[in-house]
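Asker: Listed below, chain by chain, are the residues.
2 protein chains.
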Amino acid sequence: MAQEADVVVVGAGVAGLIAAHALLQQGKEVLVLEARERVGGRLLRHALAPNCWIDLGGQWLGPTQERAYALAKRLKAELFPTYTDGESLVYFGGQARRYAGTIPKLGWMPLLDFGNAIAKLDKMAQQVPLHAPWDAPQAAAWDSMTFASWIEQSMRTRVGRWGMKLFAEAVFAAEPYEFSLLHALFYIHSGGGVERLSNTRGGAQQDRFVDGAQSLALRLAEQLGERVRLHQPVRQITQRDAVVHTTTQAGATYTARAVIVAVPPTLAGRIEYDPPLPPARDQLTQRLPNGSVIKCFAVYDRPFWREHGLSGFVTSELEPLHLVFDNSPPDGSCGILLGFMEGASARRMSAAGHEARREATLHCLTRYFGERAAQPELYLDHDWSAEVWSRGCYGAHFPPGAWTQFGQALRQPVGRIFWAGTETATRWMGYIEGAIESGERAAQEVLEVL
Amino acid sequence: MAQEADVVVVGAGVAGLIAAHALLQQGKEVLVLEARERVGGRLLRHALAPNCWIDLGGQWLGPTQERAYALAKRLKAELFPTYTDGESLVYFGGQARRYAGTIPKLGWMPLLDFGNAIAKLDKMAQQVPLHAPWDAPQAAAWDSMTFASWIEQSMRTRVGRWGMKLFAEAVFAAEPYEFSLLHALFYIHSGGGVERLSNTRGGAQQDRFVDGAQSLALRLAEQLGERVRLHQPVRQITQRDAVVHTTTQAGATYTARAVIVAVPPTLAGRIEYDPPLPPARDQLTQRLPNGSVIKCFAVYDRPFWREHGLSGFVTSELEPLHLVFDNSPPDGSCGILLGFMEGASARRMSAAGHEARREATLHCLTRYFGERAAQPELYLDHDWSAEVWSRGCYGAHFPPGAWTQFGQALRQPVGRIFWAGTETATRWMGYIEGAIESGERAAQEVLEVL
Chain D
1 MAQEADVVVV GAGVAGLIAA HALLQQGKEV LVLEARERVG GRLLRHALAP
51 NCWIDLGGQW LGPTQERAYA LAKRLKAELF PTYTDGESLV YFGGQARRYA
101 GTIPKLGWMP LLDFGNAIAK LDKMAQQVPL HAPWDAPQAA AWDSMTFASW
151 IEQSMRTRVG RWGMKLFAEA VFAAEPYEFS LLHALFYIHS GGGVERLSNT
201 RGGAQQDRFV DGAQSLALRL AEQLGERVRL HQPVRQITQR DAVVHTTTQA
251 GATYTARAVI VAVPPTLAGR IEYDPPLPPA RDQLTQRLPN GSVIKCFAVY
301 DRPFWREHGL SGFVTSELEP LHLVFDNSPP DGSCGILLGF MEGASARRMS
351 AAGHEARREA TLHCLTRYFG ERAAQPELYL DHDWSAEVWS RGCYGAHFPP
401 GAWTQFGQAL RQPVGRIFWA GTETATRWMG YIEGAIESGE RAAQEVLEVL
Chain F
1001 MAQEADVVVV GAGVAGLIAA HALLQQGKEV LVLEARERVG GRLLRHALAP
1051 NCWIDLGGQW LGPTQERAYA LAKRLKAELF PTYTDGESLV YFGGQARRYA
1101 GTIPKLGWMP LLDFGNAIAK LDKMAQQVPL HAPWDAPQAA AWDSMTFASW
1151 IEQSMRTRVG RWGMKLFAEA VFAAEPYEFS LLHALFYIHS GGGVERLSNT
1201 RGGAQQDRFV DGAQSLALRL AEQLGERVRL HQPVRQITQR DAVVHTTTQA
1251 GATYTARAVI VAVPPTLAGR IEYDPPLPPA RDQLTQRLPN GSVIKCFAVY
1301 DRPFWREHGL SGFVTSELEP LHLVFDNSPP DGSCGILLGF MEGASARRMS
1351 AAGHEARREA TLHCLTRYFG ERAAQPELYL DHDWSAEVWS RGCYGAHFPP
1401 GAWTQFGQAL RQPVGRIFWA GTETATRWMG YIEGAIESGE RAAQEVLEVL
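As you go down the protein sequences, you meet chains D and F in turn.
Residue numbers for the first sequence, in my numbering: 1 to 450.
Residue numbers for the second sequence, in my numbering: 1001 to 1450.
Misleading hints may appear alongside valid ones.
[Said to hold, decoys possible] Short derived list, chain D residues pointing at chain F, Cβ under 7 Å: (1) Glu-175; (2) Tyr-177; (3) Glu-178; (4) Arg-287; (5) Ala-351; (6) His-354.
Source of the hints: derived by calculation from the structure; they are not laboratory data.
Small disclaimer: the values here were computed from a predicted structure and weren't measured.
No residue lacks a Cβ here, since even glycine has one placed at the ideal position from N, Cα and C.
So that you can see chain D by itself, here it is in the shape it has in the complex:
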């Protein structure tokens, strides 16, 4: 098989595959090198039964993610709405409370506190330029503090602060003290606001893929055919004049006129570059850790909670499952509860092992949905920090100082090396939408030099 192409793409996640398609459409020959035995990166589906898929990785689309909806349509990837009928649960202070709509019943003081905070965040977020967060008028101040410090200073109620911590965990898979206020604001702007990021209906968790989100990547890869090479973990990228050699762990070398690296920044930093990367780019990759998340699934013969008027959606302070969704298939032919262990919970439960996670998950689900939840037909989970070619999800977060000190190296090409991946996106960073934007942008940059 050919070892030469116009462009080599490292990573067959959505970003890399989109870049490859964009280049191919412009008549460039491409090769996509993927470390794993599969495509899709942080999108990964799993068959519970024939044609019954769950997503162990990214799974949702929501309004304003226009590139992603267009791609789904083009690839005939069918969508259906996340189940939201009925009442939701908030578990706080030792008990589960039902509520209708999106606002849990936790008193008007916390609600006011939380509402004020959202309004402030959304307003500040508007001041962060998506292409250059470091140019925000208050960038220095906002990047010098953690999001946790802002919460501490700006919110008054224990419950309101807890809600904001939950927001951080749910959206960043990290604790609010792990990233800067500037990063929180950038991300909020990038996703269109706190509520857009948080909500199911009308928000980023609105729609699911009938065949799993990974089907996007599978179909893109299918169209690329033999241009996608699996089992090719890239170890080294060597630039000599206008020629780039990409070498895999097994020693295969691919030659091209440009390379697009479409993997998370922390993993991009583990590739050997010759000549070495400039200090700013290298030190950037030392500073963008991935979040920590374990997706936990309990599968029942039917979605029994629906019979009690429950949507399956839970927010909770009970450890370690702070967030639960009804993740049943579109026809409700079985019932699936999806619980998230995120940030600190994910770290604790990653070390605790599979059996402890199963027990903890079922313990929580039983507190939320009653004894019926204790006996699923199946339990499974997926720890993204243990995936060698992801090493964390949903994506990278920027600790204090990273945006203002190193942000300019995020997309800056290094010779004939270009950077893609959802972390390099301006809109919907961290989401499928951002991955698509980044792939298109990187392809465009390559076309300008080839």
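Given the coordinates of chain D, assemble chain F onto it according to the supplied hints.
Answerer: Showing chain F alone in chain D's frame:
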């Protein structure tokens, strides 16, 4: 040459060499694999003339660094005091002011502010257990905020805050917003207090090596002879039962019963591990970036500032050289001013290039020492972020959340892989002393399993 040993050590910095010596003394056969063409890691000397050395890397010892002094004595590495006679300069508000002793004349309010802050920090630091910073009574709160936020909240004067920023840059080669308050406190405890870390006489900058600090590593390596293998960048570490195979970029494989990895955490994260590292260890390495520093040297025919009663020591708000030392050889046969570009200044000036750094350095030195400083016989600098096998200095810092979420993975062996390097030390982390402690500790851990 033998490709087998009881223990393979990765990295011939002080930590690795000390570990190798400790193992050899207990009758274990060792091999030290070093990526570079030289030993010493972040210690690197440069000959200005025959037997006239400057240190491009780490260079000082100070009181309570007992292991380091003992090692210097054992290796017959001669020390001499950093020059401190005469008055120092503080450059602030557009002018240089002279002062005697250690306290610049910047008004009693800032001094009180700064003194209070030091007292508070030293007191809080005492509460951080050196073996387990995450167990500090207020660990969660202290790790949820940046050191910058603490300064903002706890200090009242602009000048006092500037002084603390200078402390952060000088000690961490990072800005105070890049690491957590908990890390600042741990580090202060680890080094014996703010003043111990900051001072020349009586502090961490007290003594210099006549033959350069790297001479420690060179002499240790000499004693190890052929056990030290240069040009052996380690790419992969494979564990099978109780056997560990270490493979270099060139494909050489070394077999041992244990491996000590004695490189900075961020670089340790770039090695391929088979089986893969546990999530906590891997995610730790994503979160410990190295600081940024460029050492700049201006060499004159004689230390002319001494003739004007100046010590050569400057603290300054003038960009980019905030800190200057007299770094002349012991006999004063020529005059050397050593200026530091640290943190944000280092990043800016790294990108700006060598000529811009020369100009900026001489501009600053002229403002501090007059026109005489504008015409050195020689200018040279060293950018540690550009060194592929260091990728930053002086060492790693812990951003918010890193200590409490991942600190326990710092020294925890993974099978037969053990971790050394100054970042794993409890006393004088980041210093030569910490490197020695870490090497001794790792060797001891290995001896317990072999």
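Asker: The structure should be examined with respect to each hint, and the outcome stated for every one.
Answerer: For each hint, the structure was consulted:
1. Glu-175: Holds. Min distance 6 Å.
2. Tyr-177: Where the cut-off is 7 Å and the nearest Cβ of chain F is about 4 Å from Tyr-177 of chain D, the hint holds.
3. Glu-178: Glu-178 of chain D check passes; min Cβ-Cβ to chain F is 4 Å, inside 7 Å.
4. Arg-287: 5 Å, holds
5. Ala-351: Nearest chain F Cβ about 6 Å off; hint holds.
6. His-354: Because about 13 Å separates His-354 of chain D from the closest Cβ in chain F, which is outside the 7 Å limit, the hint is violated.
Violated hints amount to a single one, hint 6; each of the other numbered hints is respected by the structure.
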